[in-house]
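All chains should be modelled from the sequences, with the hints used to inform the complete structure.
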Amino acid sequence: MPQGPASGVEVPAAAMMPGDPGVSVELRKSRIREIVPSDMIEQQAAREYEQIKQEAIVRHALAADNDPQLQRLRAIGKRLLPETLRWNPAAAKWQWEINLIHSNQINAFCMPGGKVAFYSGLIDKLRLTDDEIAMVMGHEISHALEEHARQRAAQAEVTNLGANVMSQLTGFGNLGNMDIGNSARLITLKFSRLEETEADLIGLDMASRAGYDPRASITLWRKMGTMLDPGEEMLSTHPSGRSRIAVLERHMKEALRLYANAKDMPMEMLPEHQTNMTNLGDAPVDEGDDDRMHPLRKPPVAGAGAKPK
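Its first residue numbered 52, the sequence shown is counted upward by one per residue in this note's numbering.
No lab work stands behind these hints: they were computed from the structure.
Using N, Cα and C, we set each Cβ at its ideal position, and we do this for glycine too.
Only true hints are included.
For each label pair, taking beta carbons as the anchor points, the in silico distance ranges come out as:
| # | residue 1 | residue 2 | range |
| --- | --- | --- | --- |
| 1 | N139 | Q102 | 22 to 28 Å |
| 2 | S294 | H324 | 17 to 23 Å |
| 3 | D118 | G262 | 20 to 26 Å |
| 4 | M278 | Q120 | 17 to 23 Å |
| 5 | K304 | D116 | 36 to 42 Å |
| 6 | L321 | P72 | 16 to 22 Å |
| 7 | R123 | S294 | 29 to 35 Å |
| 8 | N327 | L245 | 30 to 36 Å |
| 9 | P88 | D315 | 38 to 44 Å |
| 10 | V109 | V298 | 36 to 42 Å |
| 11 | H111 | R79 | 42 to 48 Å |
Below, computed lysine-lysine pairings styled on DSBU-like, alpha-carbon distance capped at 30 Å:
| # | residue 1 | residue 2 |
| --- | --- | --- |
| 12 | K129 | K314 |
| 13 | K129 | K176 |
| 14 | K104 | K129 |
| 15 | K144 | K314 |
The structure is reproduced here in structure tokens:
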């Protein structure tokens with residue numbers, strides 16, 4: 052059972068249902084991630100996560116267990132976590148944690164090994180509904196399930212150590228003693244568009260199975276694109292352009308079928324989705340790196356050469 056000391060949830064395993072393909076996702080796993088053992092990066096993540104929590108405690112910013120917003124997050128997590136085993140059975144052994152940090156920062160993350168954190172600025176500034184929170188949480192958890200941070204860390208080590216690493220691929224050499232990073236380096240790793248798309252679709256699948264309206268994924272990213280400034284932290288690695296929304300829309304019928312099943316009703320009986328915002332408008336066109344395999348670049352900050360919106 053996925054469970055963590057600070058998660059506040061105890062989650063039964065999801066039933067694996069043959070013939071229930073859900074949202075189709077094209078996964079591209081590279082063996083280069085094997086350069087960095089999974090237990091090593093999970094230990095590094097646990098250290099960094101604990102450091103983040105301790106810094107929040109010093110600032111009196113770590114939400115207490117009875118905080119209503121934290122309880123809301125953990126209730127959503129309790130419904131999502133059983134679906135993780137469909138994508139990565141190892142998640143059953145992770146020490147899951149879900150925490151809330153009171154801060155104006157607009158961000159959320161899930162580190163390797165199931166270490167989840169939301170910043171209150173994300174929930175408050177975008178006035179996230181439960182459905183939208185589930186889409187954010189599903190997306191961030193999916194990065195951990197697909198080991199995207201492990202992939203990025205491995206690629207960084209290849210770049211840093213070059214031929215010395217390549218010559219040790221079969222035996223790891225001195226990598227077992229390697230410190231993957233300092234100063235929360237895992238937090239700063241940037242994912243590629245391909246990895247972001249994987250996380251979008253896996254998160255969409257999990258949240259829909261858990262009974263959250265997948266149409267909230269569209270309003271979420273429209274909010275991201277129209278309400279946040281280009282320099283906001285969340286847009287550093289999560290550009291919310293029309294191409295991203297188009298991918299979600301292409302898979303919406305698959306997700307709505309899962310949602311209808313979770314609600315035990317025919318798809319045609321689902322009520323129309325309503326957002327809590329008006330006049331959201333269209334999402335902007337992405338201005339980041341178009342190379343799907345390379346890490347995303349941070350969009351330019353307004354007033355520093357950015358195109359006016």
